[in-house]
Amino acid sequence: MAKVSTNQQLTDWVSTYSDALFAFAFKRLNDRSLSKDLIQDTFLSAWNNIDKFKGDASVKTWLFTILKNKLIDHYRHQSNRKVIASISTQSNDAFFDATDHWQPQAYPKAWTEGTDALLENKAFFKVLWHCKEKLKSLQNSVFTMKYIDGFESEEICKELELSPSNYWILIHRAKLQLRACLEINWMEK
Amino acid sequence: MLSCKEATELILKAEEHKISVWQKIKLWRHQKICVLCKRFGYQSRSINVLVSKGLAPELDLLTEIEKKEIVSYVSTSGLARE
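Chains A and B, in that order, give the protein sequences.
Every letter in the first sequence is one number past the one before it in our numbering, and letter 123, counting from 1, is 123.
If you want our numbering, it's the position in the second sequence, counting the first as 1, plus 1000.
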């Protein structure tokens, strides 16, 4: 491939790939300025490591690989000893009573709309992404890695240094909260 | 008999095929009599599909000015290139 070392080539990269990279990051982070920072760092890494780019993958694939690594760094940043230590001390009391059965106010109600009807509904997704944003940061990262990136639970535990039992507590809590938030803010309105 | 807390956790594990046959039987028996957990399971699987296949959050694309900022940031902070 041609040597990419001039400002013009950098400008070309940014104008060709930044929108796709930005949309990819934004879907996962739902934070404009953080997404922009990660894109900027992605181009910086690419620029600094251009000599290592062999050209056997496309530039686009290469940039996405860098971005995905930056995203994992970001998720990992949400997982530190202090946060992990606090996982087991939180409870699901809002959902379950002393005998571990549903609290009456948390009873899941039947949803009137099915999955297919919701898939293209812009207003619904506004609520869904808002609900996801309200998850605690580590829950949100685990949830994103599992349901958006499609990582296996073993990979998530390894990357975030979580025990399987903590992983299941986080997923369980994230799902309970997201479900309840959707019900209150969408299904009941 | 499983509690609802245990049942909902097993529902999530079952989505990843991470439960034993015995757990599967216990969960099946629980859901036969507990409409709430059955609903939770159904809605949980619906959420999985919605999150992975549905619309992305709406975003304002990067402006031309922001793109220029990225270029200038990279060319000033990055390694010098000819």
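Among these hints, one or two may not hold up.
Once the Cα atoms are required to be at most 30 Å apart in a straight line, the calculated BS3-like pairs of lysine-lysine come out as [stated by the list, open to error]: (1) B/K1068 with A/K27; (2) B/K1068 with B/K1018; (3) A/K60 with B/K1038; (4) A/K134 with B/K1038; (5) A/K60 with A/K158.
Computed footprint of chain A on chain B; a stretch qualifies when at least three of its residues, placed anywhere within it, have a C-beta under 8 Å from a C-beta of chain A [said to hold, decoys possible]: (6) 1009–1019; (7) 1051–1063.
Between beta-carbon pairs, the in silico distance windows are [claimed, not checked]: (8) B/E1069 with A/S91: 29 to 35 Å; (9) A/Q8 with B/R1045: 48 to 54 Å; (10) B/Y1073 with A/D97: 52 to 58 Å; (11) B/Y1073 with A/Y107: 33 to 39 Å; (12) A/E154 with B/T1076: 37 to 43 Å; (13) B/S1077 with A/G55: 35 to 41 Å; (14) B/E1016 with A/S88: 28 to 34 Å; (15) B/Y1042 with A/K189: 29 to 35 Å; (16) A/N49 with B/Q1023: 46 to 52 Å; (17) A/G55 with B/H1017: 18 to 24 Å.
Hints were generated in silico from the structure; no laboratory data involved.
Computed from a predicted structure; not experimentally measured.
All C-beta atoms, glycine included, are put in the ideal place defined by N, C-alpha and C.
Now for the hints, and whether the structure bears them out:
Using a Cα cut-off of 30 Å, the hinted pair B/K1068 and A/K27 holds, with the two alpha carbons roughly 23 Å apart. For the hint linking B/K1068 to B/K1018, the alpha-carbon distance of about 48 Å lies beyond 30 Å, and the restraint is violated. About 44 Å separates the Cα atoms of A/K60 and B/K1038, which puts this hinted pair outside 30 Å; it is violated. Between the alpha carbons of A/K134 and B/K1038 the distance comes to roughly 25 Å, so the proposed pair stays at or under 30 Å and holds.
Only pairs whose Cα atoms come within 30 Å are accepted, and A/K60 paired with A/K158 is accepted, the gap being roughly 27 Å. Coverage of the region 1009–1019 of chain B by chain A holds. Counting CB-CB distances below 8 Å, 5 residues qualify, and the rule asks for three or more. Counting residues of the region 1051–1063 of chain B whose C-beta lies closer than 8 Å to any C-beta of chain A gives 12; at least three are required, and the coverage claim holds. Remark: the range hint 29 to 35 Å for B/E1069 to A/S91 is contradicted by a beta-carbon distance near 45 Å.
Here the CB-CB span from A/Q8 to B/R1045 is close to 50 Å, well matched to the stated 48 to 54 Å. Remark: the range hint 52 to 58 Å for B/Y1073 to A/D97 is upheld by a beta-carbon distance near 53 Å. Separation of B/Y1073 from A/Y107 is about 51 Å and departs from the stated range, judged on CB atoms against 33 to 39 Å. The hinted window of 37 to 43 Å between A/E154 and B/T1076 holds, with their beta carbons roughly 41 Å apart.
For the pair B/S1077 and A/G55, the supplied restraint of 35 to 41 Å is violated, since their beta-carbon distance comes to about 25 Å. For the pair B/E1016 and A/S88, the supplied restraint of 28 to 34 Å is violated, since their beta-carbon distance comes to about 21 Å. A hinted range of 29 to 35 Å is violated for the C-beta pair B/Y1042 and A/K189, which are about 20 Å apart. Roughly 47 Å separates the CB atoms of A/N49 and B/Q1023, a value that falls within the hinted 46 to 52 Å.
Range check, A/G55 to B/H1017: Cβ separation about 40 Å, and the 18 to 24 Å hint is violated.
Checked against the numbered hints above, the structure breaks hints 2, 3, 8, 11, 13, 14, 15 and 17 and satisfies the rest.
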